[in-house]
Amino acid sequence: MSLHPMYARPRDLEQASQLLASLSSGAVIIAGGQEIMPFINYGVMMPDVYVDIGGIKALKGVNVNDDEVSIGALTVHRDIQSTEDIVERLPLLAYAAQQIGGGWQVHNRGTIGGNIVSMHPLYDIAPALLALDADVELLSDKGLQRMSLLQLQNDSSHGLGSSSILTKILVKTMLPNVLWGYYKLKNSAGAYGSANAAAVIQMDGEKIKSIRIVIGAVSETSVVISKALDGYLGGAYTLEIGRAIEKVCIDAIDEPLSDQQGDGVWRKAMAGIAARRATEMALSNLTTSSIKR
Amino acid sequence: MIEDKKESESYVGKSIRAKEARAPLIGKAKYTNDYTFSGQLYAHILRSPHAAAKINSVDVSGAKKVSGVHLAICGQDVFNHTNGITDHLNPAIFGGKSTRLPCMAVDEAWCYGQPVAIVVAEDERTARYAASRIQVDYTPLEPIIDVEKAVAKGARSVVPGWEDNTLIYVPFMNGDTQAAFDAASHVITTDVKIHRFSSQPMETRCYNAIWEHDTESITLYGTCQNPHPLRLVIAETLRMNENKIRIIASTIGGAFGLKMHGHPEEPLICLMAKLLGRPVKWVESREECLLIGAREQQHKVEMAFDSDGVMVGLRDNVLANIGAPSACPGWGMVFLTGLTMPGPYKVENIDVHMNAVTTNKPSWNAARGYGKESTAIALELAMDNAARQLGISPIDLRLKNFIAKDSFPYNSPTGLVYDSGDYSGVLLKALETIDYQGWKDKQAAALIEGRYLGIGVAFELTPEGGTIPGTMVAGYDSSTVRVGPDGTVRVLTGITSPGTHNATAMAQIAADELGVDIAKIEVLQGDTNASPYGFGNYSGRSTIVGGGSVALAAQDVRAKINAVAAALLEVEPDTLNLVSGVFSSSAKSDATLTFAEVCYASYTRAYDVAMCIDPPLEATRTFKPPGIRHTPDENGRINPYPSYSNAVYVVVCEVDTDTGKIDLLSLAAAHDCGKVINPILVEGQVCGAFAMGLGGALSEDIQYDANGVQLTKSFKDYVMLRMADIPPIGVAHHDCPNPDNYLGLKGAGEAGVGGSAAALVNAVNDALEPLGVLMHEMPLTPSRVWSAIQNANNGEGVN
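Note that the protein sequences, when read in sequence, are chains D and R.
Under my numbering, the first residue of the first sequence is numbered 76, with each subsequent residue one higher.
Under my numbering, the first residue of the second sequence is numbered 7, with each subsequent residue one higher.
Rather than coming from a laboratory, the hints here were simulated on the basis of the structure.
We put the CB at the ideal spot given by N, CA and C, even for glycine.
Treat each hint with caution, since some may be false.
Unchecked claim - Pair by pair, the computed Cβ-Cβ distance ranges are:
| hint | chain 1 | residue 1 | chain 2 | residue 2 | range |
| --- | --- | --- | --- | --- | --- |
| 1 | R | ASN96 | D | ASP326 | 32 to 40 Å |
| 2 | R | PHE721 | D | MET81 | 27 to 35 Å |
| 3 | D | ALA311 | R | PRO734 | 38 to 46 Å |
What the hints assert, rightly or not - Residues of chain D clear of chain R, computed beta-carbon distances all greater than 10 Å:
| hint | residue |
| --- | --- |
| 4 | MET81 |
| 5 | LEU88 |
| 6 | LEU94 |
| 7 | GLY107 |
| 8 | LYS132 |
| 9 | MET194 |
| 10 | SER223 |
| 11 | LEU225 |
| 12 | ALA264 |
| 13 | GLU295 |
| 14 | THR296 |
| 15 | ALA327 |
| 16 | LEU358 |
Claimed, not checked - Chain R is nowhere near these chain D residues, computed Cβ spacing over 12 Å in every case:
| hint | residue |
| --- | --- |
| 17 | ALA83 |
| 18 | ARG84 |
| 19 | ASP87 |
| 20 | GLY108 |
| 21 | ASP127 |
| 22 | ASP208 |
| 23 | ARG221 |
| 24 | ASN229 |
| 25 | SER231 |
| 26 | ASN262 |
| 27 | SER263 |
| 28 | LYS302 |
| 29 | ALA311 |
| 30 | GLU321 |
| 31 | SER333 |
| 32 | ASP338 |
Construct the entire structure; sequences and hints are all you get.
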């Protein structure tokens, strides 16, 4: 907590990593500032050192290597929504990014890295990435480390935001026969989501081959539901199966959030509704056209 | 006969774009926080984290050690320098309780967020940081948060020394209500719960106080609605003379009652400037702004009907959770909720009990509607409930019970005198505007598909221009009109604009009365050293009394100008014409003079041709609306309002029964505000009120936990509607001019929050009637609506 903070703007990842290793607690990493600046402005946070990673080129850009899309942590929401490689290869992610609130100001400043690092339960990026089984790459004084986003979400010792840097997000290109849906329930246009669901479904003709659903905004961290849905594979989708998926997803929520978005009983129920609606969206074959270019 | 510009050239009644709207739109308006002075210092207020606590000690030494800090003091020090804050409306005048209202807590904090200490420093960050170094030793007390707990026998008194927590109890009784209920065919009871929601102006409060060494006086740049009355409050609280205080209310970014005075920060920041001899600024955070409450009321409405569906009696018992005592006028909203019963309905027998109950929640301040919105919510939810129970359409039940068009002036059972109105006409116009039958058909078709559409209507009677005897809430106001030697016009008025652009309405009226181009008119408001004494804006009064006084003053000045023009042209004044800024005379075909030439002569030829007038071309006049009656009638009742605006709001919505989410499909309002001076300004008010009322009914909710700690701290939690939520709004005007006021004005700025909120609740209940759902507790959040549907599915029905 300092009245006269220091500001550092490392030129490259190596400098940034060395700097962070040399600093004690009280340093914050800042990029787009969408998470941190409101706290700074209201005096909730008074960091000693700001490490501004905004100038590091290695954290920018979207690249494709074979079938893997690499997204630099500094990529802003606006670019996630509209970059051709993401829209073509990861339409679910592009669509989820379009559901982010806050308007163009937030979309133009907020980064995918900041969105993940904040671990905010009501955000849209994590459910979409978890549905796509994404990996992340972290840099700390121990060097580069690759892990799944799911692993990161359940690991509290990653030091993100202060001692380690999220460098990129790595996602396998979605196969052409994969159907996807994303449903965000918001109380009103200006509200956070009160239940989000991402669905990724593989079909074998009329039959469901695999299904993976991720529920966000209902509990502290996003919940990945896959194995529990195995019983509904192999057949065609029916309303009964939809209701069954709804039930499975409700049961998957152990500790629902209860906040000003709504109470826990409702949130748990909405996990099911969002899951069913995301599934229905995936199966409606309307998804690709729903992305605003 | 003086012939001015043709009717088509007049400004009143036309949608003139507000000149003063440009600067806010392009981000260049100068709000209070945009003023910064040499030697500027900044204040930060440390607030109580407890809803109720003894304050054992406050140690400010840690703050004083921070470099850049000029002053750090606690409540006791401030207490020694000040009197209690002068009440905006002293409840004791009305038979209620009163207590000394300190600027900061001294021995005991009585709500979360109450100021406990203040730091003044070179910049805001330093002040805030230093405040975090202040050590306060509290002994928390059991807080009283719920109104039921506050009124329970043996409850601790929120204010030490009070025998109970009821700040004021006001009954409104008329006729023989018991007999009416005994004889009634039907009695319908509706429990209505209105939650705590208020208004959130985009511009939060800001005070910048300057100690003027030359005159040993204070200049306060402040976000305030009532600059002149605030002078008296600051003078009395700081033990100064009133003429030592100057208030400048700059451009205001929304007020809605929240910037009516009584806030502790007003005298507190002035005191800091006085103690330090330097300018001191304080800017309210959104979290602080969300401390200010309003409207939290529980009603038990009972309506008695005869066998024809005619209302024969009305009862209501109201508990209002007004929070901790405050010098702000918030508590008066409770009084007004009762006074406005039974709204537009013709029923003589009423028995209404209003209880304003003090708790350890933060205090109320005024909020748009000033209690009348709550009357509308309670009555209109109850009317729809009655219609449902009686099996009558809600439209027919209202039409059957409205006060008839030919009954005005109408004496209400609480003593009000309604000036004019055509309530049935307004309702029918609103239904026509929304295409009621068309939506009824769509509703029926949708239900077959398993979709739940609802149509709700609600009426709101909004008495405007109110005044309370013995208080600085006045019914009149004054304006000066000054025409310069070049023929340009300066209007100075005691009314202020909270962002409604009433200055444009003043300019329209002045332009028409003077016969000049509106571009030649400048209106100045809000500076107590420039404007005549006035009372600012509240109660939808500004255009009624501001407009009336501007018109009278302009007429006086115009008479002077006419006299000089006639003298110059050597004709009789009644032969003059003024067209497009040029005087001519029907008695002399070739001679003309420009308006500016006449004005110049009025200033420069005082000893010859302008002998006939007293220069300069200036007049100050007051408009006192004649409808107000403060002399009590035989029942001791007064009529504090000169005009009675009214409107009907219609909401069409669809409820997603899976989630409980409400989507708005169509909105309409028909409004009677008397003569419309500027349609776009009035329609702007109607649309704004709709957004506020719907936001309140759907999501805006200031929540506290069981210990009275504020949960709603930002717009992430206090979610207001956005453009994407609101469909286009159809607005229709249905004017019944006020017979007593200038141009028939009634006021347009305050109405609509209650009517639109009630219409929404009624629409949702209409949509869900096939499921047996009935809700009278706001807000209708998706989780609450969903729970009601679940309960109905489980056979529990009414919620």
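The hints, checked one at a time:
no.: 1; hint: ASN96(R) to ASP326(D): 32 to 40 Å; verdict: violated, 59 Å
no.: 2; hint: PHE721(R) to MET81(D): 27 to 35 Å; verdict: holds, 31 Å
no.: 3; hint: ALA311(D) to PRO734(R): 38 to 46 Å; verdict: holds, 42 Å
no.: 4; hint: MET81; verdict: holds, 15 Å
no.: 5; hint: LEU88; verdict: holds, 31 Å
no.: 6; hint: LEU94; verdict: holds, 24 Å
no.: 7; hint: GLY107; verdict: holds, 18 Å
no.: 8; hint: LYS132; verdict: holds, 32 Å
no.: 9; hint: MET194; verdict: holds, 16 Å
no.: 10; hint: SER223; verdict: holds, 30 Å
no.: 11; hint: LEU225; verdict: holds, 27 Å
no.: 12; hint: ALA264; verdict: violated, 4 Å
no.: 13; hint: GLU295; verdict: holds, 17 Å
no.: 14; hint: THR296; verdict: holds, 19 Å
no.: 15; hint: ALA327; verdict: holds, 18 Å
no.: 16; hint: LEU358; verdict: holds, 17 Å
no.: 17; hint: ALA83; verdict: holds, 20 Å
no.: 18; hint: ARG84; verdict: holds, 21 Å
no.: 19; hint: ASP87; verdict: holds, 31 Å
no.: 20; hint: GLY108; verdict: holds, 17 Å
no.: 21; hint: ASP127; verdict: holds, 19 Å
no.: 22; hint: ASP208; verdict: holds, 28 Å
no.: 23; hint: ARG221; verdict: holds, 33 Å
no.: 24; hint: ASN229; verdict: holds, 26 Å
no.: 25; hint: SER231; verdict: holds, 24 Å
no.: 26; hint: ASN262; verdict: violated, 5 Å
no.: 27; hint: SER263; verdict: violated, 5 Å
no.: 28; hint: LYS302; verdict: holds, 26 Å
no.: 29; hint: ALA311; verdict: holds, 23 Å
no.: 30; hint: GLU321; verdict: violated, 9 Å
no.: 31; hint: SER333; verdict: violated, 9 Å
no.: 32; hint: ASP338; verdict: violated, 5 Å
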